[in-house]
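*Asks:* This is what each chain is made of:
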Amino acid sequence: MIDSAKLLDLHRQLLAGSRTASEEIAAMLLAPLTGELRHDFPNFDPASVCDGVTDAILDYSANPTSFHSQRGIRLDRFLRKNAWRNVANILRGEKRRRQREQTAAEMAPVVELHPAAGNLLQDEIAKRQRKQQQELDSLYSPIDKRVQELRQGGERRTEEFAKVLGISHLSAADQRREVKKAKDRIDKIICRKKGVSE
Amino acid sequence: MNDRNTAALLLRAARRANAREQFMGSLLRRFQELEDYNELQIAEKLGIQASDFPRLALCLRPRRNNFADDVAAISLRFNCDAARLANLIRVVESAEVMQMAETGTSEAGLLIAARKRRERCEKDKKDAKDK
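Chains as they are written, first to last, in this note's numbering: chain A, 1 to 198; chain B, 1001 to 1131.
Worth flagging that the hints you see were computed from the coordinates, not collected in a lab. Note that the Cβ used here is the ideal one computed from N, Cα and C, for glycine as well. Check before you lean on any hint, since a few could be wrong.
As the list claims (entries may be wrong) - So these bits of chain A aren't anywhere near chain B, every CB distance computed over 10 angstroms:
1) His11
2) Arg19
3) Glu23
4) Ala31
5) Asp51
6) Gly72
7) Gln122
8) Ala126
9) Arg128
10) Gln132
11) Glu160
12) Arg176
13) Arg177
14) Gly195
Said to hold, decoys possible - One side only, chain A facing chain B, incomplete, derived with CB under 10 angstroms:
15) Leu14
16) Leu15
17) Ser18
18) Ala21
19) Ser22
20) Glu24
21) Ile25
22) Ala26
23) Ala27
24) Leu30
25) Thr34
26) Gly35
27) His39
28) Asp45
29) Ala47
Go ahead and model the full structure; you've got the sequences and the hints to work with.
*Replies:* Pasting the structure below:
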């Protein structure tokens, strides 16, 4: 419950030049006003709601003459109204930013898919996939195929290749040597097949 | 809302006040930058509770024409040493004045320039009259 009389007294102190009344007003109103506005903007970021309330209190504290107690409106209602406007402005800004981002995202693929240029990225991917499939087709051994699949997937750890080759029981140095041998052998087979097909 | 929430909200508000020249927060932030202090160290230097730091930042900055009374009121509110608080503010204000002098945007500098021109005009008129 907000103590209106105390709040009005703090307003008078602020008008008289008090340096500490702003802090007391903030401590008194920040939590209740933020709570109220979170109900008004339930799906909006609570931190932004708090910023809207803070700005209303700071603006008023820096310029207390903006509030006229004679007009019959309570200070907390006056600040709530200003805070609501601040939060609505932040929300509008957010919406505009999102809209701009969405428009930019919609515009981007148009350039990439222009018929004159062709879809370079997709062409590239298709070409790579074809090449990888050809490499796998040229291998007979299922173990070699599995090793090659790992390489095509970007695997570089010796332990993973060792598992496929069934040499995990060997020492690290031996594993490295055997994996290298297998890779060299696979490269040679692929190279030979390529030479025959070309 | 509980006390913890209120403290968190006050902390966020204080950070926002740091960007506004009219508030103590801007002085405290500037002092932090100048002296490479953190909030805890400043609170310790001033002899206030660390939990009071955001509330101090939300106070209005002392006025130049009422500096001593304003500092006394703030220090009374937070039960801190007025001399230390005054010293902190003076350090920041001196730095601000020096910075303004370097960039040539000092208000005082502009006033001096205006006064000089007027003085020169008056002197010229006086010289013309004498002749």
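*Asks:* All the hints need checking, so say for each whether the structure fits it.
*Replies:* Now the hints, each set against the structure:
1. His11: holds, 14 angstroms
2. Arg19: violated, 4 angstroms
3. Glu23: violated, 4 angstroms
4. Ala31: violated, 4 angstroms
5. Asp51: violated, 6 angstroms
6. Gly72: holds, 27 angstroms
7. Gln122: holds, 47 angstroms
8. Ala126: holds, 52 angstroms
9. Arg128: Holds: least Cβ distance 50 angstroms, greater than 10 angstroms.
10. Gln132: Answer for glutamine 132 (chain A): holds, closest chain B Cβ roughly 53 angstroms.
11. Glu160: holds, 47 angstroms
12. Arg176: holds, 50 angstroms
13. Arg177: holds, 56 angstroms
14. Gly195: holds, 68 angstroms
15. Leu14: holds, 8 angstroms
16. Leu15: Hint on leucine 15 (chain A): violated, closest Cβ of chain B at ~12 angstroms, above 10 angstroms.
17. Ser18: holds, 7 angstroms
18. Ala21: Holds. Min distance 8 angstroms.
19. Ser22: holds, 5 angstroms
20. Glu24: holds, 9 angstroms
21. Ile25: holds, 9 angstroms
22. Ala26: Cβ of alanine 26 (chain A) sits 5 angstroms from chain B, so the hint holds.
23. Ala27: holds, 6 angstroms
24. Leu30: Hint on leucine 30 (chain A): holds, closest Cβ of chain B at ~5 angstroms, below 10 angstroms.
25. Thr34: Because about 6 angstroms separates threonine 34 (chain A) from the closest Cβ in chain B, which is inside the 10 angstroms limit, the hint holds.
26. Gly35: holds, 6 angstroms
27. His39: Violated, about 12 angstroms.
28. Asp45: violated, 12 angstroms
29. Ala47: Constraint on alanine 47 (chain A) satisfied, holds at 7 angstroms.
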